[in-house]
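Read top to bottom, the protein sequences are chains X and D. The numbers in our numbering rise by one with no breaks, and the one at position 200 of the first sequence is 200. The numbers in our numbering rise by one with no breaks, and the one at position 429 of the second sequence is 429.
None of these hints come from the bench; they were simulated from the model.
Put simply, identical chains are the same to the list, so a pair is met inside one copy or across any two.
Computed cross-link-like contacts, DSSO-like style, restricted to lysine-lysine with a CA-CA straight-line distance of at most 30 Å: (1) K356 x K346; (2) K356 x K454; (3) K346 x K296; (4) K454 x K492; (5) K296 x K353; (6) K318 x K296; (7) K454 x K353.
There are 2 protein chains.
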Amino acid sequence: MAALRVGTRAVEGRFQASNGGGGGGGGMAPSSRLVAAHREAKPRSSHSAAPWKLPRRRGGAMPLWRVAVFASVALNVATLALLLHHYATSPPHHYHDAGLTTRSSDAAAHRRARTASSMAPSTGKPAVTTDSVINLDHGDPTMFEEFWRETGDAAEVVIPGWQTMSYFSDVTNVCWFLEPELDRQVRRLHRVVGNAAVDGYHVLVGTGSTQLFMAALYALAPDHSAAAAGDAGEPISVVSTAPYYSSYPAVTDFLRSGLFRWAGDADAFGGDSYIELVCSPNNPDGAIREAVLDSKTGNGRTVHDLAYYWPQYTPITKRAAHDIMLFTVSKSTGHAGTRIGWALVKDRAIARKMTKFVELNTIGVSKDSQMRAAKVLAAVSDGYERRPEQTKETKTATPPRLFDFGRRKMVERWSMLRAAVAASGIFSLPEETSGFCNFTKDVEDCAGFLRGHKILTRSGAQFGADARYVRVSMLDRDDAYDIFINRLSSLK
Amino acid sequence: MAALRVGTRAVEGRFQASNGGGGGGGGMAPSSRLVAAHREAKPRSSHSAAPWKLPRRRGGAMPLWRVAVFASVALNVATLALLLHHYATSPPHHYHDAGLTTRSSDAAAHRRARTASSMAPSTGKPAVTTDSVINLDHGDPTMFEEFWRETGDAAEVVIPGWQTMSYFSDVTNVCWFLEPELDRQVRRLHRVVGNAAVDGYHVLVGTGSTQLFMAALYALAPDHSAAAAGDAGEPISVVSTAPYYSSYPAVTDFLRSGLFRWAGDADAFGGDSYIELVCSPNNPDGAIREAVLDSKTGNGRTVHDLAYYWPQYTPITKRAAHDIMLFTVSKSTGHAGTRIGWALVKDRAIARKMTKFVELNTIGVSKDSQMRAAKVLAAVSDGYERRPEQTKETKTATPPRLFDFGRRKMVERWSMLRAAVAASGIFSLPEETSGFCNFTKDVEDCAGFLRGHKILTRSGAQFGADARYVRVSMLDRDDAYDIFINRLSSLK
Numbered sequence: 001m002a003a004l005r006v007g008t009r010a011v012e013g014r015f016q017a018s019n020g021g022g023g024g025g026g027g028m029a030p031s032s033r034l035v036a037a038h039r040e041a042k043p044r045s046s047h048s049a050a051p052w053k054l055p056r057r058r059g060g061a062m063p064l065w066r067v068a069v070f071a072s073v074a075l076n077v078a079t080l081a082l083l084l085h086h087y088a089t090s091p092p093h094h095y096h097d098a099g100l101t102t103r104s105s106d107a108a109a110h111r112r113a114r115t116a117s118s119m120a121p122s123t124g125k126p127a128v129t130t131d132s133v134i135n136l137d138h139g140d141p142t143m144f145e146e147f148w149r150e151t152g153d154a155a156e157v158v159i160p161g162w163q164t165m166s167y168f169s170d171v172t173n174v175c176w177f178l179e180p181e182l183d184r185q186v187r188r189l190h191r192v193v194g195n196a197a198v199d200g201y202h203v204l205v206g207t208g209s210t211q212l213f214m215a216a217l218y219a220l221a222p223d224h225s226a227a228a229a230g231d232a233g234e235p236i237s238v239v240s241t242a243p244y245y246s247s248y249p250a251v252t253d254f255l256r257s258g259l260f261r262w263a264g265d266a267d268a269f270g271g272d273s274y275i276e277l278v279c280s281p282n283n284p285d286g287a288i289r290e291a292v293l294d295s296k297t298g299n300g301r302t303v304h305d306l307a308y309y310w311p312q313y314t315p316i317t318k319r320a321a322h323d324i325m326l327f328t329v330s331k332s333t334g335h336a337g338t339r340i341g342w343a344l345v346k347d348r349a350i351a352r353k354m355t356k357f358v359e360l361n362t363i364g365v366s367k368d369s370q371m372r373a374a375k376v377l378a379a380v381s382d383g384y385e386r387r388p389e390q391t392k393e394t395k396t397a398t399p400p401r402l403f404d405f406g407r408r409k410m411v412e413r414w415s416m417l418r419a420a421v422a423a424s425g426i427f428s429l430p431e432e433t434s435g436f437c438n439f440t441k442d443v444e445d446c447a448g449f450l451r452g453h454k455i456l457t458r459s460g461a462q463f464g465a466d467a468r469y470v471r472v473s474m475l476d477r478d479d480a481y482d483i484f485i486n487r488l489s490s491l492k
Numbered sequence: 001m002a003a004l005r006v007g008t009r010a011v012e013g014r015f016q017a018s019n020g021g022g023g024g025g026g027g028m029a030p031s032s033r034l035v036a037a038h039r040e041a042k043p044r045s046s047h048s049a050a051p052w053k054l055p056r057r058r059g060g061a062m063p064l065w066r067v068a069v070f071a072s073v074a075l076n077v078a079t080l081a082l083l084l085h086h087y088a089t090s091p092p093h094h095y096h097d098a099g100l101t102t103r104s105s106d107a108a109a110h111r112r113a114r115t116a117s118s119m120a121p122s123t124g125k126p127a128v129t130t131d132s133v134i135n136l137d138h139g140d141p142t143m144f145e146e147f148w149r150e151t152g153d154a155a156e157v158v159i160p161g162w163q164t165m166s167y168f169s170d171v172t173n174v175c176w177f178l179e180p181e182l183d184r185q186v187r188r189l190h191r192v193v194g195n196a197a198v199d200g201y202h203v204l205v206g207t208g209s210t211q212l213f214m215a216a217l218y219a220l221a222p223d224h225s226a227a228a229a230g231d232a233g234e235p236i237s238v239v240s241t242a243p244y245y246s247s248y249p250a251v252t253d254f255l256r257s258g259l260f261r262w263a264g265d266a267d268a269f270g271g272d273s274y275i276e277l278v279c280s281p282n283n284p285d286g287a288i289r290e291a292v293l294d295s296k297t298g299n300g301r302t303v304h305d306l307a308y309y310w311p312q313y314t315p316i317t318k319r320a321a322h323d324i325m326l327f328t329v330s331k332s333t334g335h336a337g338t339r340i341g342w343a344l345v346k347d348r349a350i351a352r353k354m355t356k357f358v359e360l361n362t363i364g365v366s367k368d369s370q371m372r373a374a375k376v377l378a379a380v381s382d383g384y385e386r387r388p389e390q391t392k393e394t395k396t397a398t399p400p401r402l403f404d405f406g407r408r409k410m411v412e413r414w415s416m417l418r419a420a421v422a423a424s425g426i427f428s429l430p431e432e433t434s435g436f437c438n439f440t441k442d443v444e445d446c447a448g449f450l451r452g453h454k455i456l457t458r459s460g461a462q463f464g465a466d467a468r469y470v471r472v473s474m475l476d477r478d479d480a481y482d483i484f485i486n487r488l489s490s491l492k
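Here chain X stands alone, though its shape is the one from the complex (with noise of 0.2 Å):
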């Protein structure tokens, strides 16, 4: 907890004051919301029916937002502290592998010299201007490129030629595509972090978790073909409570599958075979989910998205193990661009027909973005890992700690999001000012009110929610952040 303080210290001064000592707090979610809606006095009992459906949340009565100030406090000790407690006095951000810092750095500014002038890889949204519109609609993880920027060689891949040309990676492996390599790496981590059960699990790889999600669906489907052919079964409804995050609807219904269909918010379901979508933390709000449909006739079945379940954005309270777990390194390192997922499988049955998937859909999964993903995965790890070669003398080598950098920003970004909302007056951020904020106006549609500000952000139309409400994503680039804070203070 000291170490995170260290961090953190200043910027939770700054956010207590800002908040009037009301006790709200720190804030790891990995969006906001906020909304702009009358400035008629509303009755306290309309927030509470608000469609975010905030009360609902069974992890407890506070937005995540609030129950991660306290996590900062108490809550997340145990994990924390398991996280941190080789933290060391350097910060993260100037490590250097003392061992290799000569020979690596000169071949690696050879290489990237090299690189550099041959190919031009992308630097994703362009860089921004006080005058830019900000695009804070998708959740673009580009703010953990500072990061990544200052780890080094610890995350570099070198791919010669001739690597993994092969369609196959482990043919006795379930998963025959999976790079036994990111399997290890990613049963380390969650071994490290301790957010998910490993052990009799399977290791499934995807294009994005986006991927395991429709190979999820298509495993949950009951299989038709085993009755005649052009059996006109029908598909099975998936649900989610509301508000969910807006991709699942588009996602499962943009093929008009006959296997599964999309059948809303989960709260509103009333039969009995379906299958259960809790993302948890959720997208957008945040909330930590359980599932809410309980089958009588177990043709139910439920797929865990924990995306978000990582210790920069929530504290890590206990080992998840569900039947399907859903992780992206987009989210949890923040490398989107590499589009790689994984699910975490207990049935073996289950994870054939999601590898079916895969296989039917992309004929497996890039083999250099699994080998870059094990790579990256293994330097978060490495950094909360005492390894054996840290004697005394190198101790002060810390290597990177991708969480506490991680932590460090949310709460800082969090504050300045209330610092401005606060400056602005015609924003509220739910349940900070216990109900609808005052705007001299009526806005129904706070995305298009923000366009018009040339702030883009996704309307709670999108998840099932009121169009009062916006998701604001929280992990841009400082710039493109600060920007936006800048802008939003200046509404009156």
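Chain D: place on chain X using the hints.
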């Protein structure tokens, strides 16, 4: 042409001897067909009625492997001349970039040592022994590893930890997740080879061409969503002339989409609203194909799968310029593990819809693999384009030439296969012996028969053809192919 003979003269000599001077030929097809059938005399007409329907091919009356040998003499002079006119005397796979050799070799050795010690990439299918099961069912293109092992740094990529973390590659492009460098190298290679038009086309990237195949079906299917919600418009029929690639039916139907549905052999199709898949050279039989259906209502669409339309497999006789053309590095350069395919698409609205498919399916495509594919394609183009810095002094440092390597290997392997078939006496290669071969007993299941001899192949039944045929992949590693040939020769 002289250049080609340097590499293949000895091989051609061997082949011609084994073929008895009958004018059969070279062989550029990606896979070969074997048939083990009745010893009972069959009328010759039974061959032309064979389910492979060889004579239907409009590109000529001969199967591709026969066309190809003429090609090596005459037909492809224009194209090959273009490709080979910079050919120099040193063997292609002893190339080193003279200017960089010393320093970069050191760096490369250092890097490889480091990479190898920290991360062990997979090697694909395990190494084989004379007693192994030989799996030639999948078209795993490991044959090309030998070539890329000799290219040194030319196709090596180095990816720092912070690179291409964003979801986005170029927000101004229709295909917003396409790396601009891959776009450039795709266009450059098509211009060098002359196999497809690129001006006026959109380049789209996919996780292998399989994903783009699905994207094309999605984009070409009628948009029922414009009509009433829940509209039960019939799925559009997807057809291809038999024998067709065995994955087409499975990939089309596995999600039981309401948008498109597999409808089998294009020749047997009677409707007027369809998507016709034209695979040319065709998988499995190497035939040069054109669309066979002609829509009267304007509701017919075609997708051209040109995965094998490269000089190592077939003569490049014209610059293809169809509405949608699919390519993949799996077959063009042998990098199946990178899972990179691309589409050349004329119509902007179709390109948008295909992009939308990839967005919903996997939120883009691995940028690491895109950068690697760009580097690999650049290395191929470099082999055939004179570069400005190539003065007389460095001219002997000929860059490696992929298509030369590929052609040489294919000629060699077809020659070995024909010799083995002749030695065995129980198989035929279609049109080589003008009919069914003799065999001591009826073999209705050729794949099953070969499986009994630990040779895994893909049955003709999977291609909409006859189980007495099998497809044999020609692209495996030398050791596996050699064992296959020896084992085949010994079957009596």
